[in-house]
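Protein chains: 2
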Amino acid sequence: MRWCRFQANGKVSYGIIEGTQVQPVAGSPFSRYRRNGSPLPLRSVKLLVPVVPPTFYAAGVNYRDHVTRMAAITGRPGEIPQQADVGYRANNALIAHEEPIIIPKDANDRTQYEGELVVVIGKQGKHIPEDKVWDYILGYSIGNDFSERVWQAADRTMWRSKNADTFKPMGPWIETDVNLDAMRTLVRVNGKEVENFRTNNMIFGIAHYMSKMSQYLTLYPGDVLWMGTDGVPQNVKHGDVIEIEITGIGVLRNPVKVEGR
Amino acid sequence: MRWCRFQANGKVSYGIIEGTQVQPVAGSPFSRYRRNGSPLPLRSVKLLVPVVPPTFYAAGVNYRDHVTRMAAITGRPGEIPQQADVGYRANNALIAHEEPIIIPKDANDRTQYEGELVVVIGKQGKHIPEDKVWDYILGYSIGNDFSERVWQAADRTMWRSKNADTFKPMGPWIETDVNLDAMRTLVRVNGKEVENFRTNNMIFGIAHYMSKMSQYLTLYPGDVLWMGTDGVPQNVKHGDVIEIEITGIGVLRNPVKVEGR
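From first to last, the protein sequence lines are chains A and B.
Under the numbering used here, think of the first position of the first sequence as 14, with each following residue one higher.
Under the numbering used here, think of the first position of the second sequence as 14, with each following residue one higher.
Since the hints were made in silico from the structure, they are not lab data.
Among these hints, one or two may not hold up.
You can't tell identical chains apart in this list, so a pair holds if it fits in one copy or across any two.
[As the list claims (entries may be wrong)] Only pairs whose alpha carbons sit at most 25 Å apart, straight line, appear in this in silico BS3-like list of lysine-lysine:
#  : residue 1 : residue 2
1  : Lys270    : Lys250
2  : Lys205    : Lys24
3  : Lys59     : Lys225
4  : Lys145    : Lys270
5  : Lys139    : Lys250
6  : Lys145    : Lys59
7  : Lys24     : Lys59
8  : Lys139    : Lys270
9  : Lys139    : Lys118
10 : Lys118    : Lys225
11 : Lys225    : Lys24
12 : Lys270    : Lys205
13 : Lys225    : Lys270
14 : Lys250    : Lys145
15 : Lys118    : Lys145
16 : Lys205    : Lys250
17 : Lys139    : Lys205
18 : Lys145    : Lys24
Chain A extracted, bound-state conformation:
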């Protein structure tokens, strides 16, 4: 099942995508819902960020190859995380499929995509065993953990390097039925493939992360957990178009602009 959040005729609602149509619902996938009104052509609606999370979690570094290849390039030792310590991103930075990433005027040219699997929590839970986390997941979406690397290295926190407005594209929708081990994450810049990795090849998997988090914190419906990226991201510039595809979910596409241009 494929859930989206969309705007049509000035109204925001959740919808179920069926082929090339969207079936609007009253309510939401996080509570109760019922079909509401006639299906609309998917191409006629504006897709929104599929959920605005109460808390926006991000695993950060979570693929071995990403660490070792980045280390080879920078000449600095790469550090493989020893435990699943989750981090945070910020809601102000979220944008939807097809909305432009706006690079601040004073940013450096080391602005890069990161294609990530997004886990969307569907049910409140605490102290969840690893084999039970799947009952707490509504579905999966795609995130682009867009980053300005000079700020990331220079600032005490990742506030503007990763959370400047528009730096967190998420979408286009939430897919509830996936085969995690079969999925691949592909990144294309202007149509050219620049990354292609096995999505579920994580250092700490979804079950371990969610179970460990839930020993100390309550997961709430709508919370999202971004699972990290693999490979070595490349710089992008004004006019580029970034596509993140995760097989079995879809394609998240966003053009890149520089503020004021």
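Since the structure of chain A is already known, use the hints to place chain B on it.
Frame of chain A, contents of chain B only:
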């Protein structure tokens, strides 16, 4: 003017505190509101967290004395922040005035309060000049940035050291009219004063922080910005009661318990 959010007769609403009474309103201080129904005795209602923020910002280290005195105690060099890089806390951890802080069973005994001024954003803004930030503030509240110091030193992020459930008491309400330079922050444990500092004695003040943040990110109504703490926090334990008073706002009081006890 003093805004609260409260529950009474199973219903959640915002209210205006007038003496010992709460005047319920329809709407909120962040949009439009009107007086709605009869005033209730303040002592008869359950105060809630005064706002659930879209984004929960925290300045982190922001008082000079805190850095130098902590350094003297730990024997490690203290680092004065060179620029206003804001950090984040998480909504799952928020609790209201009088609700218990629950220390996880496997936490170490270095659990400590941090009394902080909370700035509550009232209006959407970006690229705000320093002398105009005051137009974007609804008012001020009190926060206790409760922390587990062993986890804070050991983990890659502050996910459980500062964001375990119940580790972020905020309240009791929002005061719109304050004299920042006259305010003092006092911390009491079991009635005994353990900290007393000038609230506005920050390394980077409210105007600088908000203006700088807003060059890269949009501030939204309901966002909160916690401004850091001064002094050297002490350990607290099961059965203790922590009060954070900021003169001109009020007192935030929370008992401390250990999970399962």
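How the hints compare with the structure:
| no. | hint | in the structure |
| --- | --- | --- |
| 1 | Lys270 <-> Lys250 | within (7 Å within a copy, 52 Å between copies) |
| 2 | Lys205 <-> Lys24 | neither (36 Å within a copy, 55 Å between copies) |
| 3 | Lys59 <-> Lys225 | neither (37 Å within a copy, 32 Å between copies) |
| 4 | Lys145 <-> Lys270 | neither (42 Å within a copy, 28 Å between copies) |
| 5 | Lys139 <-> Lys250 | between (42 Å within a copy, 23 Å between copies) |
| 6 | Lys145 <-> Lys59 | neither (35 Å within a copy, 35 Å between copies) |
| 7 | Lys24 <-> Lys59 | within (10 Å within a copy, 35 Å between copies) |
| 8 | Lys139 <-> Lys270 | between (41 Å within a copy, 18 Å between copies) |
| 9 | Lys139 <-> Lys118 | between (43 Å within a copy, 14 Å between copies) |
| 10 | Lys118 <-> Lys225 | between (40 Å within a copy, 14 Å between copies) |
| 11 | Lys225 <-> Lys24 | neither (38 Å within a copy, 34 Å between copies) |
| 12 | Lys270 <-> Lys205 | within (18 Å within a copy, 56 Å between copies) |
| 13 | Lys225 <-> Lys270 | between (38 Å within a copy, 22 Å between copies) |
| 14 | Lys250 <-> Lys145 | neither (43 Å within a copy, 33 Å between copies) |
| 15 | Lys118 <-> Lys145 | between (46 Å within a copy, 22 Å between copies) |
| 16 | Lys205 <-> Lys250 | within (15 Å within a copy, 58 Å between copies) |
| 17 | Lys139 <-> Lys205 | neither (42 Å within a copy, 35 Å between copies) |
| 18 | Lys145 <-> Lys24 | neither (36 Å within a copy, 34 Å between copies) |
Hint compliance for this structure: hints 2, 3, 4, 6, 11, 14, 17 and 18 are broken, all remaining hints hold.
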